[in-house]
Amino acid sequence: MAETIQNFLTDYYSISIPLSILINILISLLGFIPSIFLTAINIQLFGVTNGTIISITGEALGAIISFYIYRIGLQKFTHDKVNKYPKVERLLYVEGREAFLLVLSFRFIPFIPSSIVTLFAALGKMSLLSFSIASTIGKIPALLIEVYSAYHVINGTNEAKWIITIAGCVGLFYLWKKWRKNKEGA
Numbered sequence: 001m002a003e004t005i006q007n008f009l010t011d012y013y014s015i016s017i018p019l020s021i022l023i024n025i026l027i028s029l030l031g032f033i034p035s036i037f038l039t040a041i042n043i044q045l046f047g048v049t050n051g052t053i054i055s056i057t058g059e060a061l062g063a064i065i066s067f068y069i070y071r072i073g074l075q076k077f078t079h080d081k082v083n084k085y086p087k088v089e090r091l092l093y094v095e096g097r098e099a100f101l102l103v104l105s106f107r108f109i110p111f112i113p114s115s116i117v118t119l120f121a122a123l124g125k126m127s128l129l130s131f132s133i134a135s136t137i138g139k140i141p142a143l144l145i146e147v148y149s150a151y152h153v154i155n156g157t158n159e160a161k162w163i164i165t166i167a168g169c170v171g172l173f174y175l176w177k178k179w180r181k182n183k184e185g186a
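Residue numbers (UniProt numbering): 1 to 186.
One should not assume that every hint holds.
Derived lysine-lysine pairs resembling BS3-like cross-links, with alpha carbons at most 27 Å apart [claimed, not checked]: (1) K178 - K161; (2) K161 - K177; (3) K178 - K84; (4) K125 - K84; (5) K84 - K181; (6) K84 - K177; (7) K84 - K183.
Derived from the structure by calculation, the hints contain no laboratory data.
Turn these sequences into a full structure, and let the hints guide you.
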């Protein structure tokens, strides 16, 4: 899939920036596809600085548009997801500064899917403006880490090997903790 998207953006290079942003919005709307492959493509096509800016723009717009669509159209279909994320459920009942700080902090936690934060914020009482600002600010550090990682993986540096090893260990630890929690609850 990544190669197809990269070829598509290369073939339509004159409009590849808005196309990349549009693809990022679609990824956000779908809510289950990680965007790191698009970040890597953006770095390859546009360079580190421009690729980062394009990725941040796409992710921010994707979150904002998803928030709006979730708010107007998906409230009645989402109650089954609420029970799966009790920590994020708090977003349903908070407003103002507390909602802003929760979205901001949840964007820093790598194991809470971005779409879940967006969904809960949209179902809650948070305003679109407050969500947009908190979400965008919160996404920047995570995206900078993603860009750094993607850059080193693309270039095959020793740092890339460490990044992959550490990410793998963190992922395995997370899965082990989740498995253990499920085993104890059963």
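Task: Numbered hints the structure breaks, given as an ascending list - done: none
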